[in-house]
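**Q** Below are the chains, spelled out letter by letter.
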Amino acid sequence: MALFEIFDPAASPKPIGIDLGTTHSIVARMRDGKPTPITNCDLESLVPSAVFYDERGQVIVGREALRMASSHPRETIVSVKRLIGRGADDEETKRLGTFEFVAPTTDEEARTVRLRVGADRVVGPVEVSAEILKALKQLAEDELRSVGGAVITVPAYFDDAQRQATKDAGRLAGLEVLRLLNEPTAAALAYGLDKKKDGLFAVYDLGGGTFDITILLLDGGVFQVKSTGGNSALGGDDMDRALAEILLAAMQAQAIDKDTTAGRELVRLALDAARQAKHALTKEAAIDLELPVRGGGQTSVRITREQFEELIAPIVARTGRSCRRALRDAGVNADQLDGVILVGGSTRVPYVRNYVQEIFGQEPLADIDPDLVVAMGAAVQADVLAGGEDRAGEILLLDVLPLSLGLGTMGGVVEKVLPRNTTIPAGARQVFTTYADKQTGFDLHIVQGERELVQDCRSLARFTLKGIPPMAAGMARLEVTFRVDADGLLTVSAKELTTGIEQEVEVEPSYGLSDEQVEQMLLEALDHGEQDLDTRRLVERRVEAERIVSATRRALEEDPGLLQDGERDTIEQAMSTLSEAIAGTSPGAILTGIETLDETSKAFAGRRMDRAIAHAIAGRGVDEVDETVSHARGVEAHVAEHEARRSSPAASHEGNT
Amino acid sequence: MSVDPFRTLGIDPRFDLDLEALDTRHRDLSAALHPDRYTTKPANERRMALDRAINVNTAWRQLRDPVQRAERLLEHHGIAISETTAPKASPTLLMEMMEVREELSEAKQARDLDRIGKLGQSMSAKEAEVLEALRLGFVSAAGDVNTLRTLLPTLGELRYLKRFFEEVEAIEEQLLD
Numbered sequence: 017m018a019l020f021e022i023f024d025p026a027a028s029p030k031p032i033g034i035d036l037g038t039t040h041s042i043v044a045r046m047r048d049g050k051p052t053p054i055t056n057c058d059l060e061s062l063v064p065s066a067v068f069y070d071e072r073g074q075v076i077v078g079r080e081a082l083r084m085a086s087s088h089p090r091e092t093i094v095s096v097k098r099l100i101g102r103g104a105d106d107e108e109t110k111r112l113g114t115f116e117f118v119a120p121t122t123d124e125e126a127r128t129v130r131l132r133v134g135a136d137r138v139v140g141p142v143e144v145s146a147e148i149l150k151a152l153k154q155l156a157e158d159e160l161r162s163v164g165g166a167v168i169t170v171p172a173y174f175d176d177a178q179r180q181a182t183k184d185a186g187r188l189a190g191l192e193v194l195r196l197l198n199e200p201t202a203a204a205l206a207y208g209l210d211k212k213k214d215g216l217f218a219v220y221d222l223g224g225g226t227f228d229i230t231i232l233l234l235d236g237g238v239f240q241v242k243s244t245g246g247n248s249a250l251g252g253d254d255m256d257r258a259l260a261e262i263l264l265a266a267m268q269a270q271a272i273d274k275d276t277t278a279g280r281e282l283v284r285l286a287l288d289a290a291r292q293a294k295h296a297l298t299k300e301a302a303i304d305l306e307l308p309v310r311g312g313g314q315t316s317v318r319i320t321r322e323q324f325e326e327l328i329a330p331i332v333a334r335t336g337r338s339c340r341r342a343l344r345d346a347g348v349n350a351d352q353l354d355g356v357i358l359v360g361g362s363t364r365v366p367y368v369r370n371y372v373q374e375i376f377g378q379e380p381l382a383d384i385d386p387d388l389v390v391a392m393g394a395a396v397q398a399d400v401l402a403g404g405e406d407r408a409g410e411i412l413l414l415d416v417l418p419l420s421l422g423l424g425t426m427g428g429v430v431e432k433v434l435p436r437n438t439t440i441p442a443g444a445r446q447v448f449t450t451y452a453d454k455q456t457g458f459d460l461h462i463v464q465g466e467r468e469l470v471q472d473c474r475s476l477a478r479f480t481l482k483g484i485p486p487m488a489a490g491m492a493r494l495e496v497t498f499r500v501d502a503d504g505l506l507t508v509s510a511k512e513l514t515t516g517i518e519q520e521v522e523v524e525p526s527y528g529l530s531d532e533q534v535e536q537m538l539l540e541a542l543d544h545g546e547q548d549l550d551t552r553r554l555v556e557r558r559v560e561a562e563r564i565v566s567a568t569r570r571a572l573e574e575d576p577g578l579l580q581d582g583e584r585d586t587i588e589q590a591m592s593t594l595s596e597a598i599a600g601t602s603p604g605a606i607l608t609g610i611e612t613l614d615e616t617s618k619a620f621a622g623r624r625m626d627r628a629i630a631h632a633i634a635g636r637g638v639d640e641v642d643e644t645v646s647h648a649r650g651v652e653a654h655v656a657e658h659e660a661r662r663s664s665p666a667a668s669h670e671g672n673t
Numbered sequence: 035m036s037v038d039p040f041r042t043l044g045i046d047p048r049f050d051l052d053l054e055a056l057d058t059r060h061r062d063l064s065a066a067l068h069p070d071r072y073t074t075k076p077a078n079e080r081r082m083a084l085d086r087a088i089n090v091n092t093a094w095r096q097l098r099d100p101v102q103r104a105e106r107l108l109e110h111h112g113i114a115i116s117e118t119t120a121p122k123a124s125p126t127l128l129m130e131m132m133e134v135r136e137e138l139s140e141a142k143q144a145r146d147l148d149r150i151g152k153l154g155q156s157m158s159a160k161e162a163e164v165l166e167a168l169r170l171g172f173v174s175a176a177g178d179v180n181t182l183r184t185l186l187p188t189l190g191e192l193r194y195l196k197r198f199f200e201e202v203e204a205i206e207e208q209l210l211d
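Protein chains in written order, with my numbering: chain F, 17 to 673; chain A, 35 to 211.
Just so you know, the hints here were simulated from the structure itself, not pulled from any lab data.
Ideal Cβ positions, reconstructed from N, Cα and C, are used throughout, including at glycine.
Heads up, some of the hints might be wrong.
Once the Cα atoms are required to be at most 35 Å apart in a straight line, the calculated DSBU-like pairs of lysine-lysine come out as [what the hints assert, rightly or not]:
1) A/Lys152 to F/Lys432
2) F/Lys482 to F/Lys432
3) F/Lys153 to F/Lys211
4) F/Lys50 to F/Lys212
5) F/Lys274 to F/Lys183
6) A/Lys160 to F/Lys432
7) F/Lys50 to F/Lys110
8) F/Lys618 to F/Lys183
9) F/Lys212 to F/Lys299
10) A/Lys142 to F/Lys432
11) A/Lys152 to A/Lys142
12) F/Lys432 to A/Lys196
Which stretches of chain A does chain F cover? Using the computed rule of at least three CB atoms under 8 Å from a CB of chain F, they are [said to hold, decoys possible]:
13) 55–64
14) 76–88
15) 92–100
Sample of chain A residues lacking proximity to chain F, with all beta carbon distances greater than 12 Å (derived) [claimed, not checked]:
16) Leu43
17) Pro69
18) Asp70
19) Gly112
20) Met131
21) Met132
22) Arg135
23) Met157
24) Gly171
25) Ser174
26) Ala175
27) Gly177
28) Phe198
Using the sequences and the accompanying hints, generate a full structural model.
**A** Given below as structure tokens:
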């Protein structure tokens, strides 16, 4: 079987799951129905999340890059996940480290962290992450030949900017990102499928740089997240830093200028020694470290487990607060949990395990490798989303929004639009009115976080609504719709209610890259510039169009009974027009074809949707639904509602954060 | 939100919902409409499913919350609801709430988590009474609009209590951190 796969010249694209970790990244895929991490030629599946930029502009990723870290501490970027989606002035840039952060000169530059990795080379976290993703894609291609879509995992507690930046990195790496999946949910998925045990679980995920706690209910293939909490800047790295400060003191190097090459090398050395000590202390009671002394000579430092535990106690205690809050948000007591699942390399530290046991009052489960379990869950989900296995019908992930979304008001107070732990996809509508005569524009400031004041929350974006018809103050009524999709990403659209005119929404993200910047990066990533971008657009559009044609064909085959007189002919015709456009070379013609097919098959799609709802309402596991549909309560109501909705203009799906 | 959550979820409009059945219905509808189920479907189905999945989640969220459930139920019977037009709660309640709030802020100052917990408990007992009164009110009104209107002050009480609990939660969170 495996041999056949390797030598199959026309291998079909296969979906992959990626755990893009702070310290390590892993790519996994389904193999004989089981999630399996992909290994390199040395049979390693953990790829260090390290990227080295050499003098000639070459990029090296993984273990080889990590080897360069001690001699090239500035040019070797590690733990980039701690920086993704953050602004140039973020606290993260001020911690002990070896990077040279470039001060922003414009507002646009201030929206993202920038790192100098060479005399004339500055990169951002999205680009660095994209390099890691490219390496993983290559690793997957070596084994699968052709890679389809990818599910990329993110910490559950990642905010909108961090999620968007991760998705941008995926695009930049040339991946089709099927979904951003929360890491604890991915772990629960791998775990639940393996153990086949239902119940209420807590997933305690302490990685290299991020901490998540998720409470979820497993019930017959449905993974329903009840609450989530955490800290996207808390993990094993902080343990390393705490210990490294002590080592630097022993090296008589605490007062070094960390912005010099020599200083950076010492810091790197201390951080590496600290990590080694941390690993050793999971088994040993003490470890002796041989360290160089600044200015010459060597010193021996003994670190005991007790000492280490005292050092990390405050770090670990911070996870406890999140755990208690998550339990409370879920409305459960620790003793109601059927299990506590450990995820992330940092849960190997005995002190952490004991702490978890204390908080939840039960011994945590760690029988799936805590380093691999997330990638395995991502592989399962990628397979489900690609429509591969029959599994698709069995598994359902219902995740939540990790942090409240709100609007900044005039007084600087946040008005919550969607509270944290709202099940996604989620939406909310708010109606605003103009405050001046003939006002044609409106500004909205969207923030994320739990604090009362705008300044204490994370600014996500400013939305400017334009094109409001001039009216007297208070006459125009703007309905703003917020939607959070299954990736946890926000989009905003607006409509003027008295005229029904769709408003143009201009988005200025507070952090990260604008759509144009991502486009520009994609362009630069190509060797031959404009022409290639056009080719790429054409290819992408063809793929999209082909998908729509085959999906529509399948729908026609599945539900001939839902077609009305003549409808099949119109749809078939739109399909063949689109197929002709696909054979041609005009991206515009393909787009028009897609839109026409979309329009002609809309009513049919609506009927399929109503039927799906009727099925769901008629009850679980009913195969002969057509007979029961007519008896199901509320079906007529749904059809009526659908008709009503169709007669009013649909809200726009455009507008992007 | 103009969409009737009872219709969206296809369940009988009543105050004393079987919450387990509500959760089951939400899950069944999610299984049918979640975006994960539509990744290989035509784009228009994907969009429609997303819209409806959002509506289902919104409806579920509203009906799980007693205050919003009561509001939506009154709207279902044609009674327009907005915080500003609803009749104010009784003066007795307002006095009572003021006293409890004062006690809460004193306890907060003293960082007395025990006392805050006890206050929360006593108000939970109160909440149970109000919920029962609403339940009986909705049953006996049997859809009669004028009788339903008399429930508005009770609903007002429930709103006050909800806000009180939110405050308790925020304070507890703050003190625990």
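**Q** State for each hint whether it applies.
**A** Going down the list of hints, with the structure as the test:
{"no.": "1", "hint": "A/Lys152 to F/Lys432", "verdict": "28 Å, holds"}
{"no.": "2", "hint": "F/Lys482 to F/Lys432", "verdict": "23 Å, holds"}
{"no.": "3", "hint": "F/Lys153 to F/Lys211", "verdict": "29 Å, holds"}
{"no.": "4", "hint": "F/Lys50 to F/Lys212", "verdict": "14 Å, holds"}
{"no.": "5", "hint": "F/Lys274 to F/Lys183", "verdict": "33 Å, holds"}
{"no.": "6", "hint": "A/Lys160 to F/Lys432", "verdict": "27 Å, holds"}
{"no.": "7", "hint": "F/Lys50 to F/Lys110", "verdict": "43 Å, violated"}
{"no.": "8", "hint": "F/Lys618 to F/Lys183", "verdict": "29 Å, holds"}
{"no.": "9", "hint": "F/Lys212 to F/Lys299", "verdict": "32 Å, holds"}
{"no.": "10", "hint": "A/Lys142 to F/Lys432", "verdict": "24 Å, holds"}
{"no.": "11", "hint": "A/Lys152 to A/Lys142", "verdict": "13 Å, holds"}
{"no.": "12", "hint": "F/Lys432 to A/Lys196", "verdict": "16 Å, holds"}
{"no.": "13", "hint": "55–64", "verdict": "holds (count 5)"}
{"no.": "14", "hint": "76–88", "verdict": "holds (count 12)"}
{"no.": "15", "hint": "92–100", "verdict": "holds (count 3)"}
{"no.": "16", "hint": "Leu43", "verdict": "8 Å, violated"}
{"no.": "17", "hint": "Pro69", "verdict": "4 Å, violated"}
{"no.": "18", "hint": "Asp70", "verdict": "6 Å, violated"}
{"no.": "19", "hint": "Gly112", "verdict": "16 Å, holds"}
{"no.": "20", "hint": "Met131", "verdict": "21 Å, holds"}
{"no.": "21", "hint": "Met132", "verdict": "21 Å, holds"}
{"no.": "22", "hint": "Arg135", "verdict": "17 Å, holds"}
{"no.": "23", "hint": "Met157", "verdict": "17 Å, holds"}
{"no.": "24", "hint": "Gly171", "verdict": "25 Å, holds"}
{"no.": "25", "hint": "Ser174", "verdict": "24 Å, holds"}
{"no.": "26", "hint": "Ala175", "verdict": "22 Å, holds"}
{"no.": "27", "hint": "Gly177", "verdict": "17 Å, holds"}
{"no.": "28", "hint": "Phe198", "verdict": "16 Å, holds"}
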